[in-house]
Amino acid sequence: MWSRIIRNFWVRRGAKALFTVFVVVSLTFFLVRLMPANPVEVYINSLIEQYGIPYDEAKNQAAALFSIDLDAPLYIQYLGYIKNLLHGDLGTSLISAGTPVSAIIVRFLPWTIFSVGTGLLFSFSLGIILGMVMAYRRESLIDHVLSALASVLSSVPNYLIAMMLVVFLGVQWKLVDIAAMRGSMSPGMQPGLNLAFIKDALYHASLPIVTYIITTIGTWMLTMKSSTISTLGEDYVVVAKARGLPERRITLAYVGRNASLPLFTQLTIAIGFIVGGSLLIESIFVYQGIGLVLLRSITQRDYPVMQGVFLIITISVIVANLLADILYSRLDPRIKLGTGE
Amino acid sequence: MTLAERNTLRDAIGNFVHSFVTFIRLMARNRVGFVGFLVVIGFVLLALVGPYFVELDTKTNVSQIYQPPSREHILGTDHQGRDIWAQIVHGGRDILYVAFLAGLLSTFIAVTFGALAALVGGVVDSVIMTITDIVLTIPQFPLLAVLAGFVRLNSLTLLAVLLAVLSWPTLLRAVRSQVLSLKERDYVEAAMALDMGLRHIIFAEILPNMMSYIIISLTLAMTGAIYAQVGLIFLGLVPMSGNNWAVMIQLAWVRGAIFFKDSIYYIMSPVLAIAFFQLALVSMTRSLEEVFNPRLRAGV
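If you're matching them up, the sequences are chains G and L in order. Residue numbering for the first sequence is 15 to 355, as defined by this note's numbering. Residue numbering for the second sequence is 513 to 812, as defined by this note's numbering.
By construction, these hints were calculated from the structure, which means they are not laboratory data. Heads up, a few of these hints could be off.
Distance windows between CB atoms, simulated [claimed, not checked]: (1) G:26 with L:689: 14 to 22 Å; (2) L:572 with G:155: 46 to 54 Å; (3) L:592 with G:201: 34 to 42 Å.
Covered stretches of chain L (in silico footprint by chain G; criterion: 3 or more residues with CB under 8 Å from a CB of chain G, positions within the stretch not fixed) [claimed, not checked]: (4) 654-661; (5) 746-753; (6) 779-786; (7) 791-797.
Once the Cα atoms are required to be at most 20 Å apart in a straight line, the calculated SDA-like pairs of lysine to any residue come out as [stated by the list, open to error]: (8) G:30 with G:325; (9) L:773 with G:195; (10) G:30 with L:774; (11) G:30 with L:652; (12) L:773 with G:194; (13) G:73 with G:59; (14) L:773 with G:187; (15) G:188 with L:774; (16) L:773 with G:175; (17) G:30 with L:636; (18) L:773 with L:581.
Please read all numbers here as calculations on a predicted model, not as lab measurements. Idealized CB from N, CA, C, for every residue including glycine.
Taking the hints into account, I'd like the entire structure generated from these sequences.
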């Protein structure tokens, strides 16, 4: 019976994730086909105007690029689009003609996952530790200083912090070489599992990572502080103290673990926010991640790339949310009892 | 005016002054929140009244490029020798307008549908919550950026509507759970038993008890709208003409002014204006909590 309940929760959670992916797939399809500036028509017209290609040929070229049969009724096109997606075919880029969108994604997505993931991991763990320190040292100087800092950091938009890093570290004080740090790795560097590459990757990702940490840590600290304070008053903590358990054990196993649970629901929202914000951060530091690719495809009107990259960004967020939920249920057995949220 | 009328008028003014004083006193209970409140008021006055006092001169003045702050130019001058302070004064109104409208609309959507989901329940609740979960999962900013690629967003109102349409889910969930708990209270159950109509129950029985929540959410929705709006303009995805803080940042960035050591006053002025305004809005919510939540007051 237990295994059935657990399975049931995961079936429901998985179905929810799949359904969301399905909605986003449909949304991006109809967005491109039904928007006022229908990119397929725009592309056909630009081919005719620029190269004087006859209409039919231009249409065929467009159809090949978008991987859709333009003569078929909309629902057939839609089914075809989904079929192509299931085969990993996201069409080809309009600007760098012939490059499959999937190849572009495979090249740039890992960098965003690497920088956002590292930043989030650090800010989440650091925030939990600092939040606990603040709760244990309530009303002390360190609590006031950290609280004020956390409020400031969590209210200032992340791209403004990124800009200030460029302005002060790079231009005014010349502590870092902004120009050399552009891109996701140095020219000529070969990706591989060696120290030189890892160091180089971290060097180029350091400013985005620092920005992600600075701008998200405040929220974790404040949430963890209030959560720890309320956990400290719980009966089981009082009992644990009365039983004379070692302080360290109470802090880690009783207070820390239970107080950090509410943060996991926030984690799922934060993932989407940070990945979404990577457009701005990557553009400021010229970090070659998926956000920068999406931005370029929008400004260059490279619709197949735009459509594919947006889809992949959303799917990454959905998958990351699913992982966060799995982690959450590992820590809190109550979530498996099937009550859902 | 008869004597009675004059008395009513005097009472009305007296009441207003009294509640205004009470409001300010309650706001002042939290020092951080009160400072935030004053800064917000300051920014609003600056944006609405300031332009009548400070003249905006858009002519290029080659002899005045990147001047440091002086008595003549409080914040120095930009890459074309124009006064930065004047641009800051004139550059707030658009930002505030879009933020307020977007915040208001998204709060309206969240409150209406959140309350509806909680009160009606059943299929309505499931449908609303499924949609909410989906919109919540889709990263908002990339979606905005993609939409900006299709729709020509050159109207401030259109931009505000678009921001509002995408930013209600978190608030809706919070409103729903609040209403779910308020629903169990006696007076709401009584109103339900008397069959007083859904609109009456939402707006007359439940909403007044959630005002603190709603006003705080409105403030936070405004910060979200400022984030997205300035971000889109900065990336050049919303072709905004004229002078506002976001356009100033975008120009400084695109023209490489940011890499020029003397440009610090030009780039930092709008950056700090937005940062301080956001910080003030968030701080203000602390005082708002004190005003609307008597339970918090009791302890002080």
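Going down the list of hints, with the structure as the test:
no. : hint                         : in the structure
1   : G:26 with L:689: 14 to 22 Å  : 20 Å, holds
2   : L:572 with G:155: 46 to 54 Å : 51 Å, holds
3   : L:592 with G:201: 34 to 42 Å : 36 Å, holds
4   : 654-661                      : holds (count 7)
5   : 746-753                      : holds (count 4)
6   : 779-786                      : holds (count 4)
7   : 791-797                      : holds (count 4)
8   : G:30 with G:325              : 17 Å, holds
9   : L:773 with G:195             : 19 Å, holds
10  : G:30 with L:774              : 53 Å, violated
11  : G:30 with L:652              : 19 Å, holds
12  : L:773 with G:194             : 18 Å, holds
13  : G:73 with G:59               : 9 Å, holds
14  : L:773 with G:187             : 10 Å, holds
15  : G:188 with L:774             : 14 Å, holds
16  : L:773 with G:175             : 18 Å, holds
17  : G:30 with L:636              : 18 Å, holds
18  : L:773 with L:581             : 14 Å, holds
Going down the numbered hints, you'll see the structure goes against just number 10.
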